[in-house]
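**Student:** These are the residues of each chain, in order.
2 protein chains.
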Amino acid sequence: MRERCSIGVDVGHTNIRVARVEGGVPVEVRRERTDAPGGSDGVLEQVSRMVLEVDGDRSPVGVGIAGQCDKAQGVVRCGPNFFWPDVPFQALLSSRVQAPVVLRNDVVMATVGEWKHGAGKGVEEMACLFVGTGVGGGAVVGGRLLEGATGCGGHFGHISVRTDGPKCTCGRRGCVEAFASGCNIEEQVRRAITEDADASPMLMELCHGEPKAISSRMVAEAAEKGDTLSLRVRDQMAEALSSAVASVINALNPEMIVLGGTVLFGFPDLYEMVIQGTLGQCLRPAAEGLRIERSALGDLAGVVGAATMALERYG
Amino acid sequence: MRERCSIGVDVGHTNIRVARVEGGVPVEVRRERTDAPGGSDGVLEQVSRMVLEVDGDRSPVGVGIAGQCDKAQGVVRCGPNFFWPDVPFQALLSSRVQAPVVLRNDVVMATVGEWKHGAGKGVEEMACLFVGTGVGGGAVVGGRLLEGATGCGGHFGHISVRTDGPKCTCGRRGCVEAFASGCNIEEQVRRAITEDADASPMLMELCHGEPKAISSRMVAEAAEKGDTLSLRVRDQMAEALSSAVASVINALNPEMIVLGGTVLFGFPDLYEMVIQGTLGQCLRPAAEGLRIERSALGDLAGVVGAATMALERYG
Chain A
1438 MRERCSIGVD
1448 VGHTNIRVAR
1458 VEGGVPVEVR
1468 RERTDAPGGS
1478 DGVLEQVSRM
1488 VLEVDGDRSP
1498 VGVGIAGQCD
1508 KAQGVVRCGP
1518 NFFWPDVPFQ
1528 ALLSSRVQAP
1538 VVLRNDVVMA
1548 TVGEWKHGAG
1558 KGVEEMACLF
1568 VGTGVGGGAV
1578 VGGRLLEGAT
1588 GCGGHFGHIS
1598 VRTDGPKCTC
1608 GRRGCVEAFA
1618 SGCNIEEQVR
1628 RAITEDADAS
1638 PMLMELCHGE
1648 PKAISSRMVA
1658 EAAEKGDTLS
1668 LRVRDQMAEA
1678 LSSAVASVIN
1688 ALNPEMIVLG
1698 GTVLFGFPDL
1708 YEMVIQGTLG
1718 QCLRPAAEGL
1728 RIERSALGDL
1738 AGVVGAATMA
1748 LERYG
Chain B
1438 MRERCSIGVD
1448 VGHTNIRVAR
1458 VEGGVPVEVR
1468 RERTDAPGGS
1478 DGVLEQVSRM
1488 VLEVDGDRSP
1498 VGVGIAGQCD
1508 KAQGVVRCGP
1518 NFFWPDVPFQ
1528 ALLSSRVQAP
1538 VVLRNDVVMA
1548 TVGEWKHGAG
1558 KGVEEMACLF
1568 VGTGVGGGAV
1578 VGGRLLEGAT
1588 GCGGHFGHIS
1598 VRTDGPKCTC
1608 GRRGCVEAFA
1618 SGCNIEEQVR
1628 RAITEDADAS
1638 PMLMELCHGE
1648 PKAISSRMVA
1658 EAAEKGDTLS
1668 LRVRDQMAEA
1678 LSSAVASVIN
1688 ALNPEMIVLG
1698 GTVLFGFPDL
1708 YEMVIQGTLG
1718 QCLRPAAEGL
1728 RIERSALGDL
1738 AGVVGAATMA
1748 LERYG
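Line by line, the protein sequences give chains A and B.
The first sequence begins at 1438 in the numbering used here and counts up one residue at a time.
The second sequence begins at 1438 in the numbering used here and counts up one residue at a time.
Please keep in mind that the hints were generated in silico from the structure rather than gathered at the bench.
Treat the hints with care, as some may be off.
Looking from chain B toward chain A, a few residues come up when the C-beta cut is under 7 Å (computed) [said to hold, decoys possible]: (1) K1508; (2) G1579; (3) G1580; (4) G1585; (5) G1663; (6) N1687; (7) A1688; (8) E1692; (9) F1702; (10) I1712; (11) Q1713; (12) L1716; (13) Q1718.
Reference listing, derived: stretches of chain B covered by chain A, where coverage requires no fewer than 3 residues with Cβ under 8 Å from a Cβ of chain A [what the hints assert, rightly or not]: (14) 1586 to 1596; (15) 1644 to 1658; (16) 1721 to 1732.
C-beta atoms are modelled at their ideal positions from N, C-alpha and C, and glycine is treated no differently.
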């Protein structure tokens, strides 16, 4: 007889990951590009198919999705980068895969993953910040997941670090996401080289003269090779991320910060810069004894956390 | 037989308040100016005397103090505006008044007061921000007080709203406290009129030509009368406070925000400006259903909360 299993789903702006998870270990994993142009129907179709591919037993399903979620209704609320209307994703998916479904923000699920099976095992006070296509967060407070009144607690990506900063997709100015997310740095670099083709000959070459084709990975690669524009973007990311993480520390006084996300680790020295910048800014008693750790589960933190929550709830 | 009572102490930078509290009600209250020049010894002496004045029964004592506190040790850590060394205030006071003492930050205690006996009765998710000599905070998460790993959670005054902002006493740049605390606005206005005596003839008159004598109350009074410099200060306070409160909402998704502090309510329209500015900036699902309330206990929130915590712990 096999161990009790559950299914974790991580719906990011760029990729969807689905895994069958047993004892906190992803034993079967599927990865696909998100069918973003298909809208919520397309993504729902895609997720249902992927879930059925890894599991035929109607195991409970946990879904982390890049957006704000209403935990009572199981609704995705204005995922800021998807621009969906309010979608009752939990009920729709449940009816398609004929299994119970629990829905939360993607980085909240990644936080659960790191807390239960990753860098934060046994930790009672913890905050996570993940830098990918967007910037997301999650926290454990007093040994319990921070959910907030409606289930949209932990949106550290929408801490503003400059009241006069660039406009974020959420509407306010200077969110750390507007400085540091993969999506925003691509936009920033595209604008810079569209306005001035000489701003970065290296990036122009990497994108074969097509600014629209620029990816955050290219910017990171150019930074690695010393490209001035890309290094300036990296420095801005470090400044914004350090400020936001220090504010989270001053607000929550966690014993551990977990940093993750492919975009964070793509840039040379960025992780170290964020650690140093953060420690230089937070209150001394909050900094003492604080551990800053790298995500242990990497891009599978979300599916592990989502599956863990599904099992705890419906297992 | 009288109801079980406990003693609440609120040690601010400017005032000390001590009260005997019964059933959440302060039945006897003492207020004095803080003997700040006397250092930690002077303040300890003053607090001990005041406690013994309101109570001869060795009732449990709760102390809220403007500074960062280590809850395990009962130590006041580098209260940023007092500049004390680490002081084991809890043990020292306990030995003087011969009663058990519990120690926390002053606004954390005010948060307990508002939560148990004030604006937030019955609320499970709540955040407080108080604007006085400093800017402090506190929160209730999942029906429990946010304490953090070492007891210094809730320092929302040290959320930075501008990475390039003025230097705060804590060392970092652009903390909301550096823009909006009574202490900082006095400093700012003093500098402005020392550099240019014509910057505010009204303030020069109010302080009788002595910039050193300027208080935040004078700045508020001048703003009320239309003084340009004072209104500019008020607008900066509104911008910084709105940004910090919106970030707290995005991070914690509380069902209630409680705003308090004499400095906040002294300025014309400031409270309304902060509410509007906050609601215009926070994530929509976090804003829906959110209540923003004025502190119900005013300047006694701290003593009520401190006495409540003392009774819960030692009653």
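**Student:** Using 7 Å as the Cβ threshold, decide whether F1702(B) counts as touching chain A.
**Tutor:** Violated. Min distance 23 Å.
**Student:** Is the interface hint for A1688(B) satisfied, with its Cβ closer than 7 Å to some Cβ of chain A?
**Tutor:** 6 Å, holds
**Student:** Counting residues of the region 1644 to 1658 of chain B that have a beta-carbon nearer than 8 Å to any beta-carbon of chain A, does the count reach 3?
**Tutor:** violated (count 0)
**Student:** Min Cβ distance, L1716(B) to chain A: is it shorter than 7 Å?
**Tutor:** Since chain A brings no Cβ nearer than about 11 Å to L1716(B), farther than 7 Å, the hint is violated.
**Student:** Using 7 Å as the Cβ threshold, decide whether G1580(B) counts as touching chain A.
**Tutor:** 10 Å, violated
**Student:** Is the interface hint satisfied for G1585(B)? The criterion is a beta-carbon contact with chain A at less than 7 Å.
**Tutor:** 2 Å, holds
**Student:** Check, residue by residue, whether the region 1721 to 1732 of chain B contains three or more positions whose beta-carbon lies closer than 8 Å to a beta-carbon of chain A, and give the verdict.
**Tutor:** holds (count 6)
**Student:** Report holds or violated for the interface hint on I1712(B), using the least CB-CB distance to chain A and a cut-off of 7 Å.
**Tutor:** 15 Å, violated
**Student:** Holds or violated: K1508(B) as interface residue toward chain A, Cβ cutoff 7 Å?
**Tutor:** 10 Å, violated
**Student:** So, as I understand it, the hint says G1663(B) touches chain A; can you test that by seeing if any CB pair is closer than 7 Å?
**Tutor:** 25 Å, violated
**Student:** Does G1579(B) pass the interface check with chain A, least Cβ-Cβ distance below 7 Å?
**Tutor:** Cβ of G1579(B) sits 5 Å from chain A, so the hint holds.
**Student:** Hold the hint about N1687(B) up to the distance rule: shortest CB distance to chain A must be less than 7 Å.
**Tutor:** Where the cut-off is 7 Å and the nearest Cβ of chain A is about 4 Å from N1687(B), the hint holds.
In summary, the structure is inconsistent with hints 1, 3, 5, 9, 10, 11, 12 and 15 from the numbered list given earlier, while agreeing with the others.
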